[in-house]
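Visitor: Chain by chain, the residues run as shown.
Protein chains: 2
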Amino acid sequence: MNLVLLEDEDFIDDDHVRLGGRRFDHITTWLGKDSGDSLRVGRINGRLGRGVISAITCDSLTVEVHLEEDPPLPLPVTLLLALPRPKMLRRLLRGISSMGVKSLYLINSYRVDKNYWRSPLLHPEKIREQLCLGLEQGRDTVLPQVVLCPRFRPFVEDDLPAISAVTTNLVAHPGDGCIFPHQPQLPACLAVGPEGGFIPYEIDKLREANFIAAHLGKRILTVETAVPALLSRFIN
Amino acid sequence: MNLVLLEDEDFIDDDHVRLGGRRFDHITTWLGKDSGDSLRVGRINGRLGRGVISAITCDSLTVEVHLEEDPPLPLPVTLLLALPRPKMLRRLLRGISSMGVKSLYLINSYRVDKNYWRSPLLHPEKIREQLCLGLEQGRDTVLPQVVLCPRFRPFVEDDLPAISAVTTNLVAHPGDGCIFPHQPQLPACLAVGPEGGFIPYEIDKLREANFIAAHLGKRILTVETAVPALLSRFIN
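Protein chains in written order, with the numbering used here: chain A, 1 to 236; chain B, 1 to 236.
Hints are all accurate, no fakes.
Here are the computed lysine-lysine pairs in the DSSO-like style, where the Cα-Cα straight-line distance is at most 30 Å:
| no. | chain 1 | residue 1 | chain 2 | residue 2 |
| --- | --- | --- | --- | --- |
| 1 | A | 126 | B | 87 |
| 2 | B | 218 | A | 126 |
| 3 | A | 33 | B | 114 |
| 4 | B | 87 | A | 102 |
To be clear, the hints were calculated from the coordinates, so they are not data collected in a lab.
The whole structure should be built from the sequences, with the hints applied where relevant.
Guide: This is the structure we're talking about:
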C-alpha cells in the first residue's frame with residue numbers, strides 16, 4: 001500500500017477522514033503508524049496528498065488530510081482482454097490498475113471457458129476491490145472503468161468501431177504479424193487474447209476492425225506476463 | 001505447456017523417449033493425446049521438434065522424436081533481481097524463464113527479508129523446476145543460469161564489474177532518473193530492487209558500477225509487474 005485510498009464516505013468534514021477495517025489494520029500494524037504520524041493519501045477519483053493521524057481508537061483512526069496533488073496522467077491505452085480464469089483475473093486487475101489503464105473491456109473469445117463468466121469475481125464490488133488495490137500500489141486515485149462483453153461478435157461489430165475510431169489499434173498475436181512496436185502512437189487500443197490465443201476467425205474480425213497483429217518475439221507468454229510486457233511499450 | 005521438455009534420462013535411444021509422471025498426466029489427460037498423435041517437444045539445452053506417440057501404457061508413454069529446430073535466440077539481458085518473497089519468486093522464475101533470460105543473479109538488498117534466503121524454494125532442484133515450467137511456456141529449451149548472491153556489497157564490488165563490463169547497465173528506480181529507454185542497446189544488464197526499492201546507498205553503489213537509474217513513469221509497480229514490463233523493452 002503506497003497510498004491510502006479514501007472513499008467519499010470516509011470524510012467526516014472537508015479535511016478529516018475516519019478509517020477502520022483493512023486500512024486501520026494496515027496503517028497501525030503493518031506500517032506501525034501512530035498519532036501524529038504522516039501518511040500518503042488520495043481520494044478516489046480525486047486528488048492526492050498527505051494525511052496526519054490526529055486520533056486513534058481501538059478500531060479506527062482519524063486523519064487530517066491535505067489533498068493538493070493531481071493524480072498521475074492515465075496511460076492512454078484502452079485494453080480489450082479476453083476474460084482470464086478468475087485467479088489470474090484478480091492479479092491482472094490489480095496489475096492493470098497499477099499501470100494506469102483507465103478503460104478495460106473484458107471480452108469473450110472461443111478459448112474462454114464459459115464458466116469464467118459466472119465467477120463471483122466479476123461482481124462490480126469484487127472488481128472494484130482489486131482495482132483499488134492496484135491504485136494503492138501505483139499511487140493513483142482514478143478508478144478504471146471495466147465493461148463486461150460476453151459476446152465476441154456483437155462487441156467487435158457494434159461497439160468496437162466507436163471505441164477504436166481514433167486510436168492506434170494492436171492485437172497481440174504470438175507467432176504472427178510484425179514485432180510489437182516499441183513506442184506506438186497514443187492513444188491506443190490493445191487487444192489481448194486468452195491462453196492459447198485468439199482463433200483465426202477472431203483475428204480476422206479484429207483485422208477487419210483495423211487492428212494490426214503484432215507479437216513480442218517467438219516465445220509464448222502467459223497472459224499474466226504478456227499484459228505488463230505489452231503495456232510497458234506504451235509508457236513514455 | 002506449449003512444449004514437452006525432454007530430459008537426457010528420458011531418452012531410450014537417439015530417437016525415442018519414455019515419459020511418465022507429470023508429463024504423462026498432462027499429455028494424456030489435459031491434452032487428451034493418444035497413440036499416433038503428435039506433440040511439440042524439445043530436449044533440455046538442445047533442439048526442438050515434433051514427437052509422435054508410439055506406445056502408451058497405464059503410466060508411461062513412448063514418443064518417437066525428430067529434433068530439427070534450434071531454440072529461439074536468448075534475450076541478451078542479464079537480470080540482477082533482489083530476492084523476492086518465495087511465493088512471488090516462484091512465479092517470477094517461470095516468467096523470467098518464459099521471456100528468454102538466460103542469466104539471473106538473485107541478490108541481497110537492505111529491504112530483502114533475511115528469511116527469504118532460507119526458503120526451500122532456493123534449492124537448485126526447486127529453482128530448476130520453475131525454470132523448466134517457464135521454458136515449456138515459452139517454447140524454449142535452454143535453461144537459465146541462476147546465481148545466489150546473499151551479500152550485496154561483495155557482489156557489487158567483486159563480481160559485478162566482470163558481469164557488466166560490456167553491457168548497457170540499467171537499474172529500475174521508481175521516481176528517480178530518466179524514463180526507461182524504449183529500445184536499450186544490447187546486450188544489457190538490468191537490476192531490479194525489492195518491493196520498496198533499493199535504498200540510496202545501494203543505488204549509489206550501482207551508479208558507481210556504471211548503472212543508470214531509470215523508471216517506468218510515476219507509478220510504483222510490484223516487482224512481479226515491473227519485471228515483465230522492463231524486460232519487454234529489450235525485445236526486438
